Amino acid sequence: MSSDWQPRIVGFACRWCTYAGADLAGTSRLEYPATVRLVRVPCSGRVNPSFVLRAFQRGADGVLVAGCHPGDCHYTSGNLFTRRRFSLVKRFLEYLGLEPERLRVEWISAAEGQRFAQVIREMTDDLCRLGPNRKMREEP
Amino acid sequence: MPRIGVVVCWCGHNIAGTVDVTQVTAAAAAMPGVVYAEDYKYVCSEPGQDLIRRAIADKRLDAVVVAACSPSMHEATFRQAAAAAGLNPYRVEIANVREQCSWVHRDREEATVKAVALVQAMVAKARREEPLEALRLPVTRRALVIGGGIAGMQAAMDIADAGYQVLLVEREPNLGGRMAQLSETFPTLDCASCILTPRTAEVARHPRIELLTYSEVREVAGYVGDFRVRIARKPAYVDWDRCIGCMLCQEKCPRKVPSPFERDMGFKKAIGVNFPQAVPNRPVIDREHCTYFEKGKCQVCVRVCPVEAVDFEQRETVREEAVGAIVVATGFDVLAPAEFGEYGYGRYPDVIDSLAFERLNSSSGPTGGVIRRPSDGRVPREVVFIQCVGSRDPDRGRGYCSKICCMYTAKHAMLYRHKVPDGQAYVFYMDVRAGGKGYEEFVQRTVEQAGALYLRGRVARVYPEGDRMLVRGVDTLSGQTVEVAADLVVLATAAVPRGDARELAQLLKVGTDAHGFYNEAHPKLRPVETMTRGIFLAGAVQAPRDISETVAQASGAASKVLALFSQEELVADPLVAVVDETRCAGCFLCRPVCPYQAISTRVAGNREVATVNPGLCQGCGACAVACRSGAMALKGFTDEQILAEVEALCLRTGSPG
Amino acid sequence: MSANPLVPEVATIIDIVEETPDVRTFVLEPDAGPVFAYRPGQCAMVSVFGVGEAMISITSTWSPERPLELSVKRVGRVTAALHEAEPGHKVGVRGPYGNSFPVEEWEGKNLLFVGGGIGLAPLRALINYCLERRQSYSRVDIVYGARSPRDLCFKREIFERWPKVPGVAVHLTVDAADAQWQGAVALVPHFLERLAPSPSGTVAVTCGPPIMIRYTLATLEKLGFADEQIVTTLELKMQCGVGKCGRCNIGPRYVCLDGPVFTRAQLKELPQEY
Amino acid sequence: MSDIQARLREIARRLLTEGHVRVFIGFGPGFEANRPVPFFAADPDAADRLLLDEFCAAGLARYVLEEVREGPVGLVARGCDGLGLERLLADHRVAREQLYVVGVSCRGVVDPDRACAAAGEEVRAARVNGETVTLITPTAERSFPRSACLLDKCLRCQDPTPRIADVLLGEAIPPGERDLAHVDAVERMPSDERYRFWARQFERCLRCLACRQVCPACNCVSCSLDRPEWLERGTGLAEQFMFHFTRAYHVAGRCVACGECERACPAGIPLGLLNDKFMKDLRDLFGVAAPHRPGDVEPLGKFCPDDPEGWHEGGEGT
Amino acid sequence: MRFLPATALPRWLERLRGDGATVWAPVDEDGVVVLRPWEGQPIASRYVNPLNSLKDVLLPRTETILEFEGRPTDLAVREPAPPQSQVVFGTRPCDAAAMELNDRVFLEGTFVDEGFRRRRETTTVLTVACTVAGPHCFCRAVGGSPTAPRGSDLVLHPVENGYLPEAPTSRGEKALRAASDLVEDVEHPDPREAGRTVAMPLAERIALDGLAARLRDHFEHPCWDAISRRCHSCGLCTFVCPTCYCFAVFDSLRVTRGRRQRGWDSCQFKDFLLMAGGHNPRPTRKHRVRQRFLHKLCYFPEAYGEYQCVGCGRCVAGCPVGLHLPAVVDELGEVLG
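Protein chains in written order, with my numbering: chain Y, 2 to 141; chain W, 14 to 670; chain E, 31 to 304; chain S, 81 to 398; chain V, 6 to 342.
Everything labelled a hint here was simulated from the structure, so no lab data went into it.
Here the structure is a predicted model, which means the values were calculated and not measured.
Backbone N, C-alpha and C fix where the C-beta goes; we use that ideal spot for every residue, glycine too.
Hints are not guaranteed to be accurate.
[Unchecked claim] Under the rule of at most 35 Å between Cα atoms (straight-line distance), these lysine-lysine pairs were calculated in the DSBU-like manner:
# : chain 1 : residue 1 : chain 2 : residue 2
1 : E       : Lys252    : V       : Lys291
2 : W       : Lys537    : S       : Lys382
3 : E       : Lys298    : V       : Lys275
4 : W       : Lys265    : W       : Lys308
[What the hints assert, rightly or not] Selected chain V positions facing chain W (Cβ under 8 Å, derived; list incomplete):
# : residue
5 : Arg76
6 : Pro77
7 : Ser257
8 : Arg259
9 : Val260
Modelling step: build the complete structure from the supplied sequences, incorporating the hints.
Here is the structure:
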């Protein structure tokens, strides 16, 4: 591993809360590592668990699934399904051998630019410690 | 392969200061499918937009990716620009290289690599894009208001006054709802019927309000702008068109039965109206209690009716109506306090609920407005009011505050003192909640001027002693056990949803909370809208509220309806779910996850498949994830598109590591 | 060229002709060396890199300097990707595969071509081959139909070139006419029955959608054509084209090796699994 | 069993004679005596070839999907078959009135390979008792522990008796909760070892899709795993993980624990360990019964406002 | 007669591996014996047949045909490096024979399958003969034997404490040379004879005589409906079969880079012949099951003069509903006589 290796994080962000939160981090000029790339989805409930697996397959070192706080879903219940799905899926991926730090599920509101930046910093630190992900990943 | 154009914005120094825009443009030019890549200082400016428009025309572009600020800033701008050049506006994608890149990263190389990846992802998405057409839905400019109480009447009046037709459906034979049962109203103590009666009359004669009383909504189909509603009118056994409202029938009817309107403290006839000022002033026959229906003879009403309006053969009739919007104003019920055995309700006639006390106060009530207790008709000298009966009681399933009880109890104590100057009112309370204009002052007056004795604590038991009721509770302020001997005990029972609120909610595809109150679309920002577009809430159907709030909300709902009706046609986002019927197995796992109940069954060939009502769908995409086979796709965010984005974002080219 | 028969040559699309709303003819030139030699009726495996391969009958007739032409109807993933391609794009091509029409055996005979829709694609190669050797054959009748006038392929040939060749008659029909259509309106088998070509000394070659083939065969039989006089081509899903992948067999025969050209007599020997 | 077999034949014959069903699905003699195979009795006389013994291994529910297309179907159902049928009913893939279910209680099916190995010679018949299994060979009759004789899928069976049966032959055995302890052993491995464990299993996968084809919950008309955007045909480890993750996730909350996938797998991949992991977490996090009995809204099709966030609880090893 | 002690086996294989070859050997993985690239792990000895056959080595589950990179207008295509030489230890005579059947398909005719040929020519098959037959074995019924050398480069006949090697090919002889110092000389009767006495009850029950012709004549026989009815349309039987060779060609693409591969496919899958327009020449289980068995028992014999089955018994052990070749032959025998 070269010393300047940086992890690659794919983030699924609901457009109403987390994506807007990330925008707020931008307008507030909060610096965070350039490790994350967001996929804008209408709701965290749109995130098919297989998307997460696909990200790891194609070389993501970490995946973030983020949406509105429970109770604040633009569609009322999308994130509550997300909560159930990803409670299971995260445990299942760990059961398959994935390190827990590699998948994070977070509720980040449109007002939480600070928190968004913080989550990315934390994840980047965790992933730097773990190094590149090789599990479930296809040969490059 | 679609021909894609990429335009990279400098945003002056905002993007170009951190991201090497030239490099991003060069990288974009080499991406599969990209036939045009250019950068520009300010793409959102008029010359910038013109650049896009010219590129679309000159390069025959099928899609455009703009690498610029957040889509929340200028997605609409660029879509309009594209549309002006003849490109489907939904074939414009934004790579957010400002808020999510140049503004948050410092290292130029890293930021540039990331910007390239973000562009790559959007190019990948754009390649898999279908042109989408905004959904255009026609609007039937006619509203249905369900519920003829104060909320429904207010909403109906506001909509009708603005010039639109209103269909007002009321389950009871007459308008008025709960408010018709009230005596006076807090905090002004003006008489309820004095403010209600003119309003009911106004509604009844409004040229644009069609009144359907004694009717119920049975079926609701369609969606915003085009609801199809089936309404059943129950048989009144009186031809209301012939009837002239002389009420001779009521007068002569030999059958007297306890009146639910009077909380069974008074009587009504088997034919007649609930109360004298009823609008419409037309009688109905209470089939359950009518001697003719019971025994096949009597027919006094038939004989006395001067216009031969009585018709025992009348049947329920059902009509179908088309409306563009629906206001639900079905109000509330009060909890049957029977489940509170410790208070002796139902066992002891002198334990009554607040609604009954309203009737005792009412000059048109069973006692003509004199407060007499039900058991022996004596005027009570000491009255105990118990608040929070069933409310704020999570152990029994109702943790919420019924909100109106504090105020009406204060009102009752005040009215009682007015009518029985030497009487003493005791109020057992948990907290007094008197938020509202003039409310706190009113409670103060009740204590100070009417001399009501407020005791903080829960009542443990009510039991008879002699001809009085002994109320035992704990004063939590003093810690003392308190015992009051009362002539009358009045329970402020919880306001609860109507018994059949859930069934109606299902018809309307509107969500309810754990208790059965209807859910608003957003508790703060969309308090009168429901999750179903075109259906609005007014009054206590949503949560307990007092008259002034109810009226305000009803006007709010009406204004939402008017906003809807003021549009030529409804334009809906085409980013909705769609079913590939060849792949749908018809398992309907998608249905429970849809918050809008937009998914229904369709027969395709020899099997049932899911189908999405695009007027109801709001595009959250939960169904697309619940669908295992991938038959359900969310337009604009298809699996193929998201997977392509993921793949592009994972690509490591020229990046460190 | 690779020793591996599954590895295609890279070719460049030099032209695309829009025949009908869903049929395009792609003109291909291999990047290295001349086009492989092929005979009428043979196929090529064409591929869009990253999407996949599809077996397409060759529409052109071979000469060393002539580019390869493939007429492709948009039906599946690969053909859809091809339809999205533009001149200058690279594709893969390998072949030729399959047997071919036994044109030498037919010398001196009358030729009756019966095509429907995209089925004219393999026939076009054959017709042009025969017309280039016009003197070797006797009377030539071309019966061709499509759903509507705009679905007729190779319009220049059917309307202009072929009718001008002496001794060649082109009979066109459509299932449903439009405002401009002056010609016959009939399904190909019915139209053929009305034309009633004589079976004597004639070879009938028919290509088209399965349902058309089925009724055309019946019509030809009614007109007195023997099974040996009737030739058709089969289309089956193929993956390798070289008789290895085990897919395109009909009974013991592989369409990619033993076909796609079969006489009706040969078909009758095979199980009805095509 | 023979008494029940006789009654089964009688019922099947009657159903076929009276035209109530078009076919009756049960078991018939296989090529080997101790391996009966699914059998489709289409006429009354064929009913007499139905058999029911301790070796009837295959699940029958999945057949219903094809067979009902032609008309009503009768079948014999053990507990696992019954749950499979309930799965198909809950997924609207068949209608109840298309089925006539003859229920039988099942104490477990004998695995002929396992039994022959235990007995040391060919086992021709067996009796499944409470805790032991009596194996009958040409030379002896001996008892062995259940785990030495029965199919894996039967060792953790929780529903011996079908819940839906138009008629139940024999006595009902009350249902229990599924024992999910075997999941713990994998959970306890360190994460790298766990990954190696699964990688080893999945590398063996031939992608023959037997697990999917026999599964009553995998009843889609079109499977996403047949689509290249979700799963490429390559058999690299990444695709194998995608396949097994997706298969397990798609039956999460829907798996009826019939064990057919694991029984069918030629590569010995412990698919039950995957299904049961979801089942365990559904139980631990959301109080869903193991397995969730079809009929109610699927556990993943609903939520509670106060559902826990499963990713916070535990961490490594859970 | 030469004798290779069992204890020398790892050293020998290590030497073969040292020559740069990939060595495959059967290893026990969680109770399943699998042929795996051998890196010194314990070699399984108690198995009838590994899960995967030689097919996994010579016609891999996925094989890259070509790789490409670039844009549609500018694309570079290259072929992968030729495969490394391989040594397969522990295969059984039936599996080795199966490869000779596949030779007929892949190496004969107008086209030669390059991928197969290259692997075939660089693979040394070290077969371990069988001393007992498994309960599902029936090689004898299809012309094989537990000790037959067909398809093998070297047959190792197990005897007490080791093997008696027999080298039908020079490749086998060469492989054995790597063990020349480990091989001893012993007196032993011809081990090939032992194959005749191995009990194989299943083989006795399979009558294949004249079946091909009867099948051909009864293509539309209704028995296929009954036989195929229990089939679940999975690909298990075809994937475990050492002689089934059908493959699919498919592309994958990662934005700008991709590859074309081929991988196993199964005639039992319902989309095997499904065409882009929706037409499916073999739409039902009946069509597909009949295709499988006619291919093995009728078409293949017509083309190559022998059945396309080596009696390894994998389908017998594997099919979850007992729809395997012996059972089908048996059921066909009953109806076709």
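Structure-based check of each hint:
The straight-line distance between the Cα atoms of Lys252(E) and Lys291(V) is roughly 33 Å, inside the 35 Å bound, and the hint therefore holds. Distance hint between Lys537(W) and Lys382(S) is fulfilled; the C-alpha atoms sit about 25 Å from each other, no more than 35 Å. Simply put, Lys298(E) and Lys275(V) have alpha-carbon atoms about 25 Å apart, close enough for the 35 Å limit, and the pair holds. For the suggested pair Lys265(W) and Lys308(W), the alpha carbons sit about 18 Å apart, so the restraint of at most 35 Å is met.
With a least beta-carbon distance of about 5 Å to chain W, the hint placing Arg76(V) at the interface is held under the 8 Å criterion. Interface hint status for Pro77(V): upheld, as the beta-carbon distance to the closest one in chain W is roughly 6 Å, under 8 Å. About 11 Å separates the beta-carbon of Ser257(V) from the nearest beta-carbon of chain W, more than 8 Å, and the hint is not met. For Arg259(V), the interface hint holds, the least distance from its beta-carbon to any beta-carbon of chain W being 6 Å, beneath 8 Å.
A hinted interface residue such as Val260(V) counts as satisfied when its beta carbon comes closer than 8 Å to some beta carbon of chain W; here the least separation is about 5 Å, so the hint holds.
Comparing the model with each numbered hint stated earlier shows that hint 7 is the single one that does not hold.
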